[in-house]
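A.B. asks: Spelled out, the chains give:
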Amino acid sequence: MTNTIGEIENAACILSVGSNTTVTHPIVGLRVKKAAKNGAKVIVANPRRIDLCRIADIWLRQRPGTDVALLMGMARVMVDEGLADSAFIEERCENLDAFKDSLKNFDLETVENITGVPRNKVAEAARMLAGNSPASILYCMGITQHSHGTNNVMALANLAMLTGNVGKPSSGVNPLRGQNNVQGACDMGALPNVYPGYQKVDSPEVREKFEAAWGCNLSATPGLTLTEILQAAHDKRIKALYVVGENPVLTESDASHAKEALEALEFLVVQDIFLTETALLADVVLPAASFAEKDGTFVNTERRVQLVRKAIEPRGDARPDWWITCQIARRLGGKGFDFDSPKEIMIEISSLTPSYGGITYDRLEAGGVQWPCPSQDHPGTPVLHTERFSTPSGKGRFMPLEYKPSAECPDEAYPLILTTGRSLYHYHTRTMTGRVAGLNVFRDRELVEINPKDAAALGIADGDAVTVKSRRGAVKAEAKVTDDSPPGVTFMTFHFADSPTNVVTSPALDPVAKTPELKVCAVRVEKA
Amino acid sequence: MQKVNLTIDGTLVEATEGITVLEAARAEGIYIPTLCADPDLEPYGGCRLCLVEIDKMEGLPASCTTPVAEGMVVRTETPGVQEARQRTLELLLTDHPDNCLVCSKNQHCDLQKVAAYVGIDQPRFKKLERQTEIDSSNPFFVRDSSKCILCGKCVRVCNEIQGLGALEVMNNGLSSKIITSAGDIPILESICESCGQCVAKCPTGALMPKNYRWASKEVSTVCPYCGVGCGTYLAVRGNEIVGVRGDPENPANKGSLCVKGQFGFEFVDHPDRLTSPLIRRNGRFVEASFEEALDLIASKLNEYKGDQFAAVASARITTEDNYVIQKLARAVMATNNIDHCARL
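Heads up: the sequence lines are chains F and P, in that order.
Heads up: the first sequence runs through residues 1 to 528, numbered per my numbering.
Heads up: the second sequence runs through residues 1001 to 1344, numbered per my numbering.
Bound conformation, chain F alone:
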């Protein structure tokens, strides 16, 4: 997030787009509700009728995969009606002319045709967002999991800059991150192209710095992303894989392909707290300590580094992940893996990661710190980009955009769109929530949400067993007939191993982020 969770309740306007906020980030959902009580205008852009629609001033029900058109349409209204924050743009931004030029393709008639949102609603939303400052934009995987996800994010950044909603409290472009420490994993360079602190692996100075610190030679070639790793395993270019606390057999799009890839490996090590579907394929499985059994830090979606503390002893012979990894590294001759606590590891992290330079356990004892925090006397950074953007010129660059349809659109053979998401009562592949009996009272099986019109045409009744088929595979689940899903769109979660939704999802990737298009694929639904 460019901004801080607590600021949301003081926003004058909130745009929640591609985020089922109260379900996937319930506590952020509370802040949105509080803001609405305080008088904030709430705009929801979501194909599904989500809980936030109850309190929304405007609900834009765009067709899945048409966000660029919707957001560019809103930008066009702001420009045409002179609603843009020209002082902010003049001082802080660049490339406005090229951006304005790209808006010519987004007259409201075209936007309505692409998105299905009535043009007056698009205009009304644009006026509401531009007219109520500060405005906070909240988004989630409904924006990123598309073959044009990067463009979706840029479209949001364009809107934020156009309305001057960057660099001040209660504004900003705020991705709500899905997992407890996805931010920390990214910050630490558990990514193929960057070292800790997003320092690029192909920068010679950066590489030299890490070679000197770690006492070894390092590869200058960026590595492969998870999806590419699995493809390379499938092609037998990657032969050995070490998987820690992930379950790609269920989470990857086109999951049958992912499973084949893991089966093709010569050596697979899986380290986890449970024998997951992925661990079942391993050659060696290592038992890890759970969050309650170890010390460390998690970094939340607002970049706040917070202490995780050991409350109980690890079960059986389970060990903390860092300890296990260091043992493997030392046995392979690795130097610099003699840490005796996470606190010691953080000392090395802060010495090599400028944005973590001022972060120490002693400081975190008094409460979390938001990076960038370059030095001990730095208070941390609740709001990013207050004076300059992290571009070479320091200016926010407007990005001209085109609308690109999703990689796989409905056709005669597969006439419905499948979009995926989460349930309030479960988390990812249910390795944890599946083992909490009470949560399964609320939801113990996969449901396929389908609009009553589509259900009637297919002779499907609420509660029927159905098969959802795509070009890649088929999955069985129970039909839930509801107009929460618009006509033509079905919805499933990916929580249940018995109904592995990702067997049917599309492997199309965003070309930059390499994020799979989990939010749009073409399916056929039949009575099972």
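Because the hints were derived from the structure by calculation, they are not lab data.
Just so you know, even glycine gets a beta-carbon here, dropped at the ideal spot from N, CA and C.
Be aware that a few hints might be false.
What the hints assert, rightly or not - Under the rule of at most 25 Å between Cα atoms (straight-line distance), these lysine to any residue pairs were calculated in the SDA-like manner:
1) K310/F x W1214/P
2) K34/F x A1334/P
3) K37/F x H1096/P
4) K1217/P x A212/F
5) K310/F x K1127/P
6) K200/F x K335/F
7) K1305/P x P204/F
8) K236/F x L509/F
9) K1300/P x K343/F
10) K1305/P x R309/F
11) K310/F x E1266/P
12) K310/F x V1236/P
13) K1254/P x R309/F
14) K236/F x H1096/P
15) K1305/P x A212/F
16) K343/F x V1219/P
17) K34/F x V1155/P
18) K1305/P x L281/F
19) K1177/P x H1096/P
20) K335/F x A1334/P
21) K343/F x K1217/P
22) K200/F x S393/F
23) K1217/P x K1300/P
24) K1113/P x K1127/P
25) K1254/P x R363/F
26) K200/F x W1214/P
27) K1305/P x K343/F
Claimed, not checked - Derived list of chain F stretches under chain P, where covered just means 3 residues or more per stretch with a C-beta under 8 Å from a C-beta of chain P:
28) 185-192
29) 272-286
30) 316-324
31) 328-334
32) 344-350
33) 388-402
Given chain F, put chain P in place with the hints provided.
C.D. replies: Below, chain P without anything else, positioned relative to chain F:
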């Protein structure tokens, strides 16, 4: 904010304009008993226990709903206040069970604390029988209306913080009670999302977690679920987690939790937990020692240094865990093939 000066029990107090007399007294360390006031909720004035005397004001105003004013003179312990408090509390206790020793809330109960403070030796009123019921439909908590004192905190937290409105007060004299808002149905069938915030706020044993056990200590940590990073206290008894409490000081959640954060911890002790390394031998997993498993992994990985190796780190494990995994991939295995499921 402007400051005002007032006197409470003879002490000159400076308070911020807009706060209540109760808040001003508490800030000064002066205890006024209450059962319905809560710093996270709007003033309610329901329990009538925080009555005080204020010069130039008639009767006994409730301190929780009376804003401070310049020159105000407040007395919290006059005979009149004490008498009124005693009477209110006695009435409250006429239909409250006396069997505290077999109540899970025993010694954590605000009603006990207030009763002890106000001091009632000889109840003057006859015990009343109230028609009560127990709703144990929810898998995580029990509603026992016999212990409810109608403070309304559950209704208010659900409205004001959770923004849901699953509960409401049905006013009907002695048979007044808290009901689900869609009519008086079991809570499991209502719109309740089981966030447990009402359970956390309940001053008595009317809303209690199921299988509640006292903890021997609390440990401050962070919720293991979504990316909000709610601050939590794990309640620990021996080597077991027995409960979770939202950390009111944490800026991300300010004490609130969702159903997963509040109640979703029993996986930690699930019998499916991996408790030993496993090595696949002839197609079957066999338990092994860490020494054996680590030696085997090192000898095998030694054959795959470079780009034929990849590591998949995790968005669930700690920052430090991730740091050493990427360091292993890069510095030891000589490859940048390291990623995790940030995109999923």
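A.B. asks: Run the distance test for K1300/P versus K343/F: straight-line Cα separation, threshold 25 Å.
C.D. replies: violated, 30 Å
A.B. asks: Given the hinted pair K1305/P and L281/F, is their Cα-Cα distance within 25 Å?
C.D. replies: Holds - the C-alpha atoms of L281/F and K1305/P are around 22 Å apart, at most 25 Å.
A.B. asks: Run the distance test for K1217/P versus A212/F: straight-line Cα separation, threshold 25 Å.
C.D. replies: violated, 45 Å
A.B. asks: Confirm or reject the coverage of the region 272-286 of chain F by chain P under the rule of 3 or more residues with a beta carbon closer than 8 Å to the chain's beta carbons.
C.D. replies: Held - the region 272-286 of chain F has 10 residues with a Cβ nearer than 8 Å to chain P, which meets the minimum of three.
A.B. asks: Need the status of pair K37/F, H1096/P: alpha-carbon distance at most 25 Å?
C.D. replies: The given pair, whose Cα atoms are some 36 Å apart, is violated under the 25 Å limit.
A.B. asks: Is it true that the CA of K34/F sits at most 25 Å from the CA of V1155/P?
C.D. replies: holds, 16 Å
A.B. asks: Three residues minimum, CB to CB under 8 Å: does the region 328-334 of chain F make the cut for coverage by chain P? Let me know.
C.D. replies: Since three or more residues must qualify, the claim that chain P covers the region 328-334 of chain F holds, with 6 doing so at under 8 Å.
A.B. asks: Does K335/F pair with A1334/P here, judged by a C-alpha cut-off of 25 Å?
C.D. replies: Between K335/F and A1334/P the Cα gap is close to 13 Å, so the pair holds against 25 Å.
A.B. asks: Are there three or more residues in the region 185-192 of chain F whose C-beta lies closer than 8 Å to some C-beta of chain P?
C.D. replies: holds (count 8)
A.B. asks: Count the residues of the region 344-350 of chain F whose Cβ falls closer than 8 Å to any Cβ of chain P, and tell me whether that reaches three.
C.D. replies: Our answer is that it holds, as 4 residues pass the Cβ test (under 8 Å) against chain P, meeting three.
A.B. asks: Would you say the region 316-324 of chain F counts as covered by chain P, given the rule of at least 3 residues with C-beta under 8 Å?
C.D. replies: holds (count 8)
A.B. asks: Going straight from one Cα to the other, do K310/F and W1214/P come out at no more than 25 Å?
C.D. replies: holds, 19 Å
Violation of the numbered hints given earlier is confined to hints 2, 3, 4, 5, 9, 10, 14, 23, 26, 27 and 33; the remaining hints are satisfied by the structure.
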